[in-house]
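Novice: Spelled out, the chains give:
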Amino acid sequence: MSKKITAGLILIILFVMFVSHTDNLTKAIDAFKNTEQTETGIINFSSTYKDGLAQNGPWVNLYGLILKTINKREIKNFRIVCDKEGNMYMQTARLDDYKVRRIVADIKAIQDTAADEGADFLFVQTPYKNYSRCMELRGYGQDYTEDNFDRIVAGLKADAVPILDLRAMRNWSFFRTDHHWTVESSFYASSYIMETINELYDGQLNVAFYSDIDNYKVESYPNSLLGSTGIQVGEYYSGKDDFDILIPAFDTNLEYEHFVNGKKKSSHAGEFKKTFIEASLLKKKDYYNKYNALLHMGWNENIIRNLNADNEKKCLFVSHSYGRSLVQYLSLYFAETRYLDPQIGRYNDNYLEYIQNYHPDIVIVMYDEEINVGG
Amino acid sequence: MVFSDSIFLFLFFPIVLFVYYGINLVSSKSIAKNLFLFIASLFFYAFGNYRYIGILLLSIGINYFAGILVGYFKNKGIRKLCLILALIINISILFHFKYQNFLLSNIQEIFHIKWELHKISLPIGISFFTFQAMSYVIDVYKKKVKVQKNPVYLGLYISFFPQLVAGPIVRYEDIEDQINTRKETFELFSQGIVRFVIGLGKKVLLANNLAVAADYVFNSTGDLALLSYWIGTISYTLQIYFDFSGYSDMAIGLGQIFGFHFAENFNYPYIGRNITDFWRRWHISLSTWFRDYVYIPLGGNRCSLWKQIRNLLIVWLLTGIWHGANWTFLFWGGAYFIILVLERFILHPEKYKGLQEVLYRIFTLLFINFEWLFFRSDTIRQGFFMIKNMFINKDLWDAGTLMLIREFGIFIGIGAIASLPVFGTYKAKVKDKIIFDVFEIVYYLALFYLSIIYIINGTYNPFIYFNF
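As you go down the protein sequences, you meet chains R and B in turn.
FYI, in numbering that gives the first Met the number 0 the residues of the first sequence are 0 to 374.
FYI, in numbering that gives the first Met the number 0 the residues of the second sequence are 0 to 467.
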């Protein structure tokens with residue numbers, strides 16, 4: 000009898016799961032239809048359906064709760080590891096020497112093109128959240144973040160590329176549940192970058208004012224952020240992060256446009272918060288990764304004009320998503336700032352041609368992967 | 000598509016179940032039900048192996064016509080010729096996909112010849128469905144079964160999705176009647192659902208978690224401490240059991256859900272008293288296949304001692320190479336051949352009693368553990384390297400060992416207990432009690448619910464035996 004009752008209840012669960020995810024099925028069918036090759040279509044169908052399930056809050060929260068109950072710190076086949084304080088880290092594999100040489104060559108090519116166009120150049124090595132020096136996570140597999148960056152920086156130094164290595168400059172803070180640095184950290188990084196640029200290039204920019212944190216006010220959203228690692232284990236695993244944004248206390252007048260494949264996707268204008276921050280996301284309870292509230296999640300080609308700028312300089316900023324929060328503060332120093340994200344699936348056109356067409360005054364690269372430089 | 004996948008669980012399975020029992024309501028005749036299950040099985044295979052659906056259909060076609068021809072001719076010589084031709088074609092297809100590159104690369108190595116080898120992807124489950132198809136033609140030749148004239152019925156036998164990609168290897172004689180006439184009952188259906196849930200739990204909750212520990216050790220660059228190697232190999236020993244027996248449980252359960260009875264494939268192998276006993280309990284459908292279609296036709300036990308040893312050698316080298324085109328599998332099969340010959344002709348461990356029996360049981364488990372180590376290793380050299388480090392190592396333990404214990408100790412502990420027949424023994428003692436029934440319902444529901452949580456969020460899902 001018990002087996003019959005069990006079978007009946009399991010059937011009910013199965014059919015509830017089937018019916019309650021029909022919207023997911025519709026999306027998956029669309030993904031299949033939108034693919035030309037059947038084989039790829041099947042893969043897209045599967046991933047769309049599975050992703051839809053994995054983004055389901057209650058299932059993720061239950062998963063995190065189980066992991067917490069059994070005190071698991073290794074998550075999803077070492078994709079994430081977590082320390083006692085709930086700081087979650089993503090593991091980075093070692094870059095082979097050939098790849099390091101390619102990265103160095105790409106950055107050098109950008110520097111050379113910038114020089115040809117009469118632009119100044121700076122490579123910025125960011126700190127990256129990693130557990131290379133975390134004693135309690137010894138044994139959880141080697142993290143090669145620092146090793147990779149050391150070799151990239153060494154390669155660039157050998158090629159006489161101007162470098163600002165931010166890693167040792169302060170105790171950088173990161174979100175516990177995300178791989179990104181905090182907004183405050185990105186603000187300090189923008190200050191260090193501008194101080195360096197001013198030192199390297201004649202001190203024509205008003206760095207002292209914009210880099211003074213006393214000229215900013217803090218807007219806090221406590222216990223609100225589940226970042227890219229946090230959303231994989233839910234809110235019960237290690238709680239949510241506080242999310243603080245620095246808003247200029249002085250007058251700002253900005254215009255921001257986001258382009259994808261040359262087409263304008265969104266535009267915003269006005270004072271700092273109105274132009275850059277997607278405030279509605281910060282208030283949404285069911286929205287997980289609030290880091291996307293910064294720069295309206297601009298992930299491709301971003302153009303920012305500072306109508307209150309005291310110079311006519313144009314800055315091209317090439318960076319991964321760490322730059323999304325940083326560029327908001329960087330843009331206060333220049334008349335125009337363009338921020339391109341070279342990660343796969345983002346802005347992947349030829350960067351040398353972009354520089355040749357744009358004619359920037361300053362090029363800042365804060366990216367340590369390969370970049371499309373043609374060839 | 001795999002059983003422990005959300006696409007199977009929340010889409011394919013409910014739809015197939017709904018349509019199948021819908022057809023059953025309208026007409027209980029087998030033809031419509033079998034046709035639907037055949038189409039569903041082809042879809043199941045094509046979903047993950049779109050390019051190779053043709054190979055499966057080719058195998059069905061060849062063996063269908065081979066069966067017809069073997070059954071049609073009365074002349075023994077012609078019948079034998081048809082059988083041999085069918086076997087050659089089946090083995091040639093298997094050889095092309097599974098062994099061709101292995102052979103060519105070894106010839107290259109030995110004779111220092113250089114030619115370009117084209118990568119050949121292995122159609123999933125080819126070893127299983129080829130063996131199943133061959134057994135049908137052989138049984139028709141031996142007149143153990145009647146010729147199946149309906150191609151859909153034979154197609155269903157070869158491609159039925161529960162056992163298509165990783166067994167158990169079902170004999171046509173065992174399900175001949177069930178294909179033609181079978182009766183689905185709620186009793187059998189319920190047993191099938193529960194059996195499926197048990198298999199799902201074994202795979203998703205135990206095998207997948209143990210796999211992470213095993214991979215950590217087997218994929219390491221050789222700088223681990225002594226105890227880490229032991230934890231890694233024990234994890235793999237448990238992983239492969241729960242992975243494969245979990246799959247078999249799900250296959251048997253799914254068969255029951257659609258009214259079929261498949262033979263058991265596992266019987267708590269790690270409680271085997273000796274290696275011979277272990278092989279009576281592990282992958283039973285493969286062992287009996289080799290016994291009936293290779294060992295006995297070669298003469299089996301009814302021949303001279305040397306011929307018996309030769310027969311065993313052939314069977315175990317074939318068993319090894321069946322698992323994959325790699326010297327590690329041949330080494331694995333060869334080592335089993337040696338120990339089984341020793342057990343049968345010299346040691347006779349079945350006669351051991353008391354301390355001798357206990358010690359031999361420990362030896363059996365250690366031997367199996369080392370065998371799995373070679374089975375999992377990429378090369379024989381890696382296997383020996385690991386064994387060396389399991390005994391001679393500069394560190395007894397290190398931070399990695401402590402991590403393995405903290406992260407995977409719970410799964411190793413539960414796995415060790417679950418590999419023993421504890422639940423069945425306890426159940427037999429209290430079977431009439433209502434409280435146990437309630438416990439059983441809660442237990443299976445919890446198992447199912449936990450499995451769903453892990454399926455939705457987990458990342459590790461391949462079945463080990465899909466590679467074979």
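To be clear, the hints were calculated from the coordinates, so they are not data collected in a lab.
Please note: incorrect hints may appear among the correct ones.
Pairs of lysine-lysine, BS3-like flavour, derived with a Cα cap of 25 Å [stated by the list, open to error]:
#1 R:Lys156 to R:Lys216
#2 B:Lys79 to R:Lys3
#3 R:Lys2 to B:Lys97
#4 R:Lys2 to B:Lys118
#5 R:Lys284 to R:Lys273
#6 B:Lys97 to B:Lys75
#7 R:Lys26 to R:Lys49
#8 R:Lys156 to R:Lys107
#9 R:Lys282 to R:Lys239
#10 R:Lys49 to R:Lys32
#11 R:Lys2 to B:Lys426
#12 R:Lys3 to B:Lys428
#13 B:Lys118 to B:Lys73
#14 B:Lys75 to B:Lys142
#15 R:Lys49 to R:Lys284
#16 B:Lys79 to B:Lys142
#17 R:Lys216 to R:Lys263
#18 R:Lys3 to B:Lys432
#19 B:Lys145 to R:Lys2
#20 B:Lys142 to B:Lys73
#21 R:Lys216 to R:Lys262
#22 R:Lys283 to R:Lys273
#23 R:Lys3 to B:Lys97
#24 R:Lys239 to R:Lys312
Note that the structure is a prediction, hence the values are computed from the model and not measured.
Novice: A separate judgement is required for each hint: does it hold in the structure or not?
Specialist: A quick look at each hint next to the structure:
no.	hint	verdict
1	R:Lys156 to R:Lys216	38 Å, violated
2	B:Lys79 to R:Lys3	49 Å, violated
3	R:Lys2 to B:Lys97	42 Å, violated
4	R:Lys2 to B:Lys118	48 Å, violated
5	R:Lys284 to R:Lys273	21 Å, holds
6	B:Lys97 to B:Lys75	32 Å, violated
7	R:Lys26 to R:Lys49	11 Å, holds
8	R:Lys156 to R:Lys107	10 Å, holds
9	R:Lys282 to R:Lys239	14 Å, holds
10	R:Lys49 to R:Lys32	17 Å, holds
11	R:Lys2 to B:Lys426	13 Å, holds
12	R:Lys3 to B:Lys428	21 Å, holds
13	B:Lys118 to B:Lys73	43 Å, violated
14	B:Lys75 to B:Lys142	12 Å, holds
15	R:Lys49 to R:Lys284	23 Å, holds
16	B:Lys79 to B:Lys142	12 Å, holds
17	R:Lys216 to R:Lys263	31 Å, violated
18	R:Lys3 to B:Lys432	16 Å, holds
19	B:Lys145 to R:Lys2	36 Å, violated
20	B:Lys142 to B:Lys73	12 Å, holds
21	R:Lys216 to R:Lys262	34 Å, violated
22	R:Lys283 to R:Lys273	17 Å, holds
23	R:Lys3 to B:Lys97	43 Å, violated
24	R:Lys239 to R:Lys312	40 Å, violated
The earlier numbered hints that this structure contradicts are 1, 2, 3, 4, 6, 13, 17, 19, 21, 23, 24.
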